[in-house]
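Residue numbers (the working numbering), protein chains in the order written: chain A, 1 to 312; chain B, 1001 to 1210.
In short, the hints are calculated from the structure, not lab data. A portion of the hints provided could be inaccurate.
Stated by the list, open to error - Pairs of lysine to any residue residues, derived as SDA-like cross-links and limited to a Cα-Cα distance of at most 25 Å, are as follows:
(1) A:K213 x A:T266
(2) B:K1198 x A:D278
(3) B:K1206 x B:E1120
(4) B:K1162 x A:E142
(5) B:K1068 x B:K1133
(6) A:K277 x B:A1208
(7) A:K141 x B:W1209
Since this is a predicted model, take the numbers as computed values, not measurements.
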Amino acid sequence: MLSHITPSVLTALGGVFGILVVASLIAALLKRLHPDKNYTELIQRIRSWWIMIGIFSGAILLSRTASILFFAFVSFLALKEYLSLIPTRRADRRVLFWAYAAIPFQYYWVHEQWYGMFIIFIPVYLFLLLPMRMVIIGETKEFLRAAGTLHWGLMTMVFSLSHAAFFLVLDGARNPAGGGAGLVLYLIFLTQFNDVAQYVWGKLTGRHKIIPKVSPNKTWEGFLGGVGTTTALAMVLAPHLTPLTLVESVGAGLLIALGGFIGDVTISALKRDIGVKDSGSLLPGHGGILDRIDSLTYAAPLLFHFVYYLHY
Amino acid sequence: MFQQLFFLLIVRPVVLVVLGLNIRHRERIPIKGPAIVVSNHNSHLDTLVLMTLLPWPLLPRLRPVAAKDYFLRNRILAWFALNIMHIIPLEREIIDRHQDPLAACAEALQNGDILILFPEGSRGDPEQMGTFKSGIAHLAKRHPDVPIAPIFLHGLGKALPKGEAVLVPFFCDVFIGESIGWSGDRTSFMTSLEQGIKALAEEGYKPAWE
Chain A
1 MLSHITPSVL TALGGVFGIL VVASLIAALL KRLHPDKNYT ELIQRIRSWW
51 IMIGIFSGAI LLSRTASILF FAFVSFLALK EYLSLIPTRR ADRRVLFWAY
101 AAIPFQYYWV HEQWYGMFII FIPVYLFLLL PMRMVIIGET KEFLRAAGTL
151 HWGLMTMVFS LSHAAFFLVL DGARNPAGGG AGLVLYLIFL TQFNDVAQYV
201 WGKLTGRHKI IPKVSPNKTW EGFLGGVGTT TALAMVLAPH LTPLTLVESV
251 GAGLLIALGG FIGDVTISAL KRDIGVKDSG SLLPGHGGIL DRIDSLTYAA
301 PLLFHFVYYL HY
Chain B
1001 MFQQLFFLLI VRPVVLVVLG LNIRHRERIP IKGPAIVVSN HNSHLDTLVL
1051 MTLLPWPLLP RLRPVAAKDY FLRNRILAWF ALNIMHIIPL EREIIDRHQD
1101 PLAACAEALQ NGDILILFPE GSRGDPEQMG TFKSGIAHLA KRHPDVPIAP
1151 IFLHGLGKAL PKGEAVLVPF FCDVFIGESI GWSGDRTSFM TSLEQGIKAL
1201 AEEGYKPAWE
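Given these sequences and hints, build the entire structure.
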């Protein structure tokens, strides 16, 4: 059953659950030491982490197809949250339907390892198809805004995220240490770790705001601390999960840390434009699904093309 | 039995996975009958969402009050409406002045059922709230002890508006208000009900949809 998983991937998953156990213990300890303080959000956040990581690990361990379906479902949730958040036109209901319908196709190309189609389906075909569908309906008011926002959503929530899934179908022989699942784990773990690291460094040492107009809580100290920690961890994990050399793993770590940060503040800009604090309420303690996958929308395609160019 | 299967295999996956609910004040949901749940009405999905929202063991006790001329217009729809949805058919136009149009509702409340009622009377324009009809006031006056929970729904009229057959997924808001009861006067009762739902509508952020 676990033939698609290498021993080091199993060890890494075990490590992730170890971190979760430690986090839960610390939260329980904090609650006992300071009964007067409110730790509801922290506890909710950790509980949501258990559920997310539980489902993710289950899919990874079950099979490659289950893992691809997992990412397709995440894309669906993300696109739905995005389209529920932004202004849309009543006339475009049918167009939105086709945007959703692109998700199973995109992940089917992944499943079939059809790289050529995977890489042009949304940037070329959907890009051309959806405005055409809008024109057939005939509503021209706000046409440009509608076509632009819809394509941005598809590129971010479906095209970008599907790169994480494409790691799964890359030739396993070129990555004997980790296989496809190893690269996925490398990407997801480091991206989420980078979020936490930037947050913790910022809380502990943050003074100088980095991008106050978009995200007033982000600081240079948090950003640089995150980049350093994530890159160090990227170098440690690379030989166990990826085909990257030591020097390449420095590049991978920098890409994930920098890309993760930019993805995060891009979604912050979207939320600020619309005027909401959280993108939704799907993940108690975190907010919506976009609040969780924001960093991945940049990190996934950036790491993918870096690794793909160097090794596949 | 059929109702349970229909809700378990079709309604719940559609409402909770294809759509997805953003629920506020979940603790205000009635947990026992008799009670009346009142909401704004934009889509056929409204009834299914409200029936999913209430606790699962109450499902057989939920009685959507629905237009007789619409839901009993042919045999298949009538079978579905009566046996799966357990609707209470309501005459929209009073034909016989000697008949009590609310008798079936009153009886259901006496049995401890929970009524689901849309005082706008029809789905109307998508995501626009129409004026409330006062039938609900007659019921409240007759059953002054029955709690009435106002609920505001948003997004379902985008997902499946009147006259459309294709469902387009959207996350939907479900905001539940404090239950109210009969105030002793029709005008003040209707005002507090309408204001209750309008106040809930103000709580959320609603993106433009034109």
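Taking the hints in turn, this is what the structure says about them:
| no. | hint | verdict |
| --- | --- | --- |
| 1 | A:K213 x A:T266 | holds, 12 Å |
| 2 | B:K1198 x A:D278 | holds, 23 Å |
| 3 | B:K1206 x B:E1120 | holds, 20 Å |
| 4 | B:K1162 x A:E142 | holds, 23 Å |
| 5 | B:K1068 x B:K1133 | holds, 16 Å |
| 6 | A:K277 x B:A1208 | holds, 18 Å |
| 7 | A:K141 x B:W1209 | holds, 12 Å |
Checked against the numbered hints given earlier, this structure breaks none of them.
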